[in-house]
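*Asks:* Now for the letters of each chain:
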Amino acid sequence: MTTTRSEVVYTPTFTDGDEFRLPTFKLLQQDGTLYDGAETPDLDRDKALRIYRAMVFTRVLDERMLAAQRQGRLSFYMQCTGEEAAVIGSTAALDDADMIMAQYREQGALAYRGFTTDEFMNQLFGNEQDYGKGRQMPIHYGSAKLHYMTISSPLATQIPQATGYAYGQKLAGKGHCTITYFGEGAASEGDFHAALNMAAVHKVPVIFFCRNNGYAISTPAIEQFAADGVAPRAFGYKMQVIRVDGNDILAVHEATKAARRMAVEDNCPVLIEAMTYRLAAHSSSDDPSGYRSKKEEEAWREKDPILRMQRWLLDRQWWNEDDEKALQESLRREVLETMKRAEKRPPPALETLVSDVYDEVTPALAEQFEHLKMHIRKYPEAYPKSAGQAKGGA
Amino acid sequence: MTTTRSEVVYTPTFTDGDEFRLPTFKLLQQDGTLYDGAETPDLDRDKALRIYRAMVFTRVLDERMLAAQRQGRLSFYMQCTGEEAAVIGSTAALDDADMIMAQYREQGALAYRGFTTDEFMNQLFGNEQDYGKGRQMPIHYGSAKLHYMTISSPLATQIPQATGYAYGQKLAGKGHCTITYFGEGAASEGDFHAALNMAAVHKVPVIFFCRNNGYAISTPAIEQFAADGVAPRAFGYKMQVIRVDGNDILAVHEATKAARRMAVEDNCPVLIEAMTYRLAAHSSSDDPSGYRSKKEEEAWREKDPILRMQRWLLDRQWWNEDDEKALQESLRREVLETMKRAEKRPPPALETLVSDVYDEVTPALAEQFEHLKMHIRKYPEAYPKSAGQAKGGA
Amino acid sequence: MAKMNMLQAINNALDTAMAADERVLCFGEDVGGFGGVFRATSHLQQKYGKTRCFNTPLVEQGIIGFANGLAAQGSIPVAEIQFADYIFPAFDQIVNESAKFRYRSGNLFNVGGLTIRAPYGGGISGGHYHSQSPEAYFAHTPGLKVVVPRNPHQAKGLLLGAIRDPNPVLFFEPKRLYRASTGDVPESDYELPLGEAEIIKEGDDITVLGWGAQMEVIERAVELAEKESISCEVIDLRTILPWDAQTVIDSVLKTGRLVVTHEAPLTGGFAGEIAATIQDRCFLYLESPIARVTGLDTPFPLTLEKEYLPDHLKIFEAIKANIEF
Amino acid sequence: MAKMNMLQAINNALDTAMAADERVLCFGEDVGGFGGVFRATSHLQQKYGKTRCFNTPLVEQGIIGFANGLAAQGSIPVAEIQFADYIFPAFDQIVNESAKFRYRSGNLFNVGGLTIRAPYGGGISGGHYHSQSPEAYFAHTPGLKVVVPRNPHQAKGLLLGAIRDPNPVLFFEPKRLYRASTGDVPESDYELPLGEAEIIKEGDDITVLGWGAQMEVIERAVELAEKESISCEVIDLRTILPWDAQTVIDSVLKTGRLVVTHEAPLTGGFAGEIAATIQDRCFLYLESPIARVTGLDTPFPLTLEKEYLPDHLKIFEAIKANIEF
Ligand SMILES: Cc1ncc(C[n+]2csc(CCOP(=O)(O)OP(=O)(O)O)c2C)c(N)n1
Ligand SMILES: Cc1ncc(C[n+]2csc(CCOP(=O)(O)OP(=O)(O)O)c2C)c(N)n1
Ligand SMILES: [Mg+2]
Ligand SMILES: [Mg+2]
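Residue numbers (the working numbering), protein chains in the order written: chain E, 1 to 394; chain A, 1001 to 1394; chain V, 2001 to 2325; chain U, 3001 to 3325.
Please note that the accuracy of each hint is not assured.
Unchecked claim - Lysine to aspartate or glutamate pairs mimicking DMTMM-like chemistry, simulated, CA-CA at most 20 Å apart:
1) A:1257 <-> E:16
2) V:2306 <-> A:1351
3) V:2201 <-> V:2216
4) V:2314 <-> A:1370
As the list claims (entries may be wrong) - Label-pair distances were calculated between CB atoms; the ranges are:
5) V:2253 <-> U:3196: 36 to 42 Å
6) V:2285 <-> E:366: 21 to 27 Å
7) U:3283 <-> E:370: 28 to 34 Å
8) V:2285 <-> U:3202: 31 to 37 Å
9) E:366 <-> A:1359: 43 to 49 Å
To be verified - One side of the interface only, derived from the structure: several residues of chain E facing chain A at Cβ under 10 Å:
10) 12
11) 24
12) 227
I should point out that these hints are in silico values taken from the structure, not numbers from a laboratory.
Even for Gly, the Cβ is constructed at its ideal location relative to N, Cα and C.
Full structure from sequences and hints, please.
*Replies:* Here is the structure:
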């Protein structure tokens, strides 16, 4: 049976839904005070500082690592700059054991969960301590113990996976949910449509968190979709949706907390659209001056989410100038020193080239590997990373 | 820049859009009279009769060919029964040179455009006169001269193709548009999302016509999507949308006429959702008694779109019982006689096995073909369809 | 032992797997209450409930994306793609995601629990889009396993093996054989090994290799050949990836000749991989070129399907030509 | 003649095609004002306007679906997929639609105007998803053409040939060579033929075959071999589908030996097809097994990319082993 329960009209009436405007939820003004009419959110000092430290850490990490990339120490980097509140505010609203399936610009979530600087560095330098065994480009972090799925470059593939993961969580019945992050660009992929529709039909505890940062590399949102953001798509799936100021840590946190409650208590998937801006280049390979104005960037720099939170903390006297200075300095030092150690660590063992393709190395692959080792033994100087390891049989 | 222009709220407010109900446009009641408040549509007698004849032809064809399938004369068949008004009413609202990219249940559109009974039969029997050269299953019609794209079985692939085709029409500037038909099931595919979004962004003269007939094979619409039909998805793309009673020939025609005007004059894509019901089985391979009730079917049989139009025609005295009887009889006779001729025609020539893979047969394929002919010459009795043609060199 | 056709054997394997482990879930288009368009999942929803056997929306990329996520979470999804011809919208989720999940995460995460079932192959008047044999597309993808059974007994054992294998497995079912005949199938729980070819019949003069529905065709061809006193060794590859080269090598070292057959087009088909490997490993022992008997390099046709298919006569001719080389 | 790197040659080919025929359109992710992430479409929007060169939303299946429709309508779309690794979401539109469009309609309709450009290949520290060589996935698909250029001159001529070929063409660009060096490229409009391999260098002892970025690697290997007085015949296949078997056969009939190399994994790679065909056609002339020098059967790695890749030393060793067989 068809499901419609609609009224009847006798003249052809078209609409594009423009009259249905989704409001934006905000709490915190840029000066660190709440909007008139906004209630003080339920966020205690410890958690607020945990969030703030993760935000500052993320900013410092991004600055240092971009610099390292510019110095040629790192092949590639991607910054989260400008989007720290969106990412960290939402992660902080979850249970630490909820699953995170991110796109790639969500290092803040990991920082909040306690991924160590060393863990970041090992991945960035693809050294022998990298959990990913040096197989993926920098920023493709993953952590099983922190419930953070290893990043995969193909866009939007994680979105239906999140629906499936959360379906499994629902069956497991332990009250966990999954959050999946993605950009407004990735939301154009077919996988997005599949994921949201399936989640709504199967009532899955998943939060779809769209970082609408205005750009997909050089493509502005207005060339990505004609609608007013990504949020109105929820209507098409009959999914609960909220739009939030993505630079407003308190609003993002409150919205996600409420969304989590709906997901976990009612198995109700939720779409959150966080309006924000990618202040940095798309990646270290990109130069945004080719497609947007400094003026536009400046306008958004005024809305810096970290500064906004800092002012709120100062206002509440949970934080002071000295704290700030100490934090900044210690983080800079820690990042630099940890980087120096990590870049000196040797690359992953040669056998990581063939392990983990399957649960066990297949006979054919083992043979290919033996052949490779023989070859490296013949030309050790041509393969400096692995020459020392090519000795002997399997 | 992000595109949102939304209001601000200070408490987290979720919505699933349920309060935004799309109405259903109707004109004609089942008794053949207009609804109170409905205006008599601008549809002249000639066109009305052209439409009606196509509807009856489609019904007769479907009945006869299903019977032929049951007799083992045909390998497969799909009926349009119950959806004739949706398909033919919309096609009739177009210019005959507008492009049609259909799913598979739209034989009515071809019938309206003047595809001959012989042309239908040649495809159904895959004989030497089939335009498709016997390469596809029955019902995969196509006609270049009638601007009807050859049917392709993979669902929804034609939807982004329609967006592209219409973009080309826009550039060509001759005032044509494309209509693409698809089921509410196919609308779950990623290609649907891609097509609508791209059409909205690039302002393409395309009409997306969804036949919401309640089922995708055995899967009811409520297991296909949680929303109230497919129409609300238009909001997500900021696309003009209308929902129409798909069994109401006048409403479908009016809605599509208006949609075509928007498409062609304003390069404005439109989504039309026609609410209807698949009265027959999914295909000749299917038996719906396994997944729905006779009672449900009966309720929809009461809403037969052909009977509804017939009553309207009788009412206007554009049609009478004798006309009806004569039409039915002549169509039955024509279908049966044409079928008999078509099933006797020989299969397509052996060389159609290798032609049209590329614009020209490649040397390697020519060699494979020579090899095949040699083989058939050796075992003529094993390949009765082609033994006579395997003689001689290429 | 019971007599079952292949569909019943598959249904029985799914039932067995779901009964043995509650993490096993079956889903796909029309898979739920209706039991699938071929009825491979009949009664499973009634028996195990709607949360463990259900219809999905009509979106293959979503089905496999969802299944990948479920498998990563620790469930054991058995996803059905209604026809192998419709697996391509999920190609990215399979080739870029399922196949690389474990490797890219350094084994932090994996989707080893995943099994994808899909009916494949021709001979049923299905034309382009209900006949394809896409195994070679996946066989170029390290990280996947690809399995094709030849009869009901194999189908149950290999499917149970696939569901329990700690790697993502594509399980292609020869739909032409679904109801073609019955065979003895144990009602108990048993697994057949993945990655192992099976010598169906020993012989001395030539090795004939295939998988799935082609095994029955090979059987007929070999009957003809044996009438002409050609002694054939017949091998069912069973697992296409990772394939059991050693069994084939050993056989060809003995016979000196090899014919490989599949329904998919010649160019880029998996017979090419086999021929390339075997000519390398058995070079000095080969008495004639390795022959491939396959579909033509065209889309799958309809009316002339018989002419297109690598039938027993074509295989028989290839065997003879090979012997006479 | 002008000195151009490969990107400039590609940009110039697109410019030439758009200038010559207003039905030619270029689009894809970031292709418009920005000119593509590699800048292959630089200045085209400025020159030909936003209707002929434009950004698309981020959806590969949509890009190719849209392109198929445009081509069917009579336009000549040149669609860019940002990296070949991201072509898989469009696999269904390419393999089930583009490839079969003409055949299934009995030539009533075709998408012959379609060209799909995508940068492919490794050696740029791109890891799994910025390094793949997916040509073999498409080479199993009758109806498609697959072309890979080796240098700027070839890139321009083959791309113009591809755009004007009346069949859908996949044009894979070796991104490692985009800016690696420059070469002489005519500023005029010229086409190089599709479906024809090119003998780059004649030789007597062994044939070495590859395409795209591997040609440069082969060149280095052959230098080493020639120092050891092994005379190599070097062939650039250029078109992977339909491939020019005759040129390879003729060469191997002369040299009696063949080494084929590609970056993609061994199993199911296109070298397998070539080896299978050549062992069949040159059986009595082969003096040693056909050797394949390829990537490993793993996803594309990052840190150990050098170890993974079929470099000049591995090819050189294969040549030597082949000669010494
Ligand atoms: C399937 C796929 N297509 C293309 C790309 C290349 N690509 C990487 S990031 C990106 C833009 C993504 O934009 P958005 O989703 O808005 O995220 P943001 O970078 O703004 O955080 C593109 C096109 C990819 N990684 N995967
Ligand atoms: C990509 C793809 N997946 C699955 C199928 C198998 N299939 C054919 S028709 C159908 C149901 C389509 O339902 P709907 O779109 O609602 O159209 P209707 O049959 O109701 O007209 C399915 C699943 C297919 N043809 N293509
Ligand atoms: Mg973005
Ligand atoms: Mg339907």
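*Asks:* Hints the structure violates: just list their numbers, smallest first.
*Replies:* Every hint satisfied by this model.
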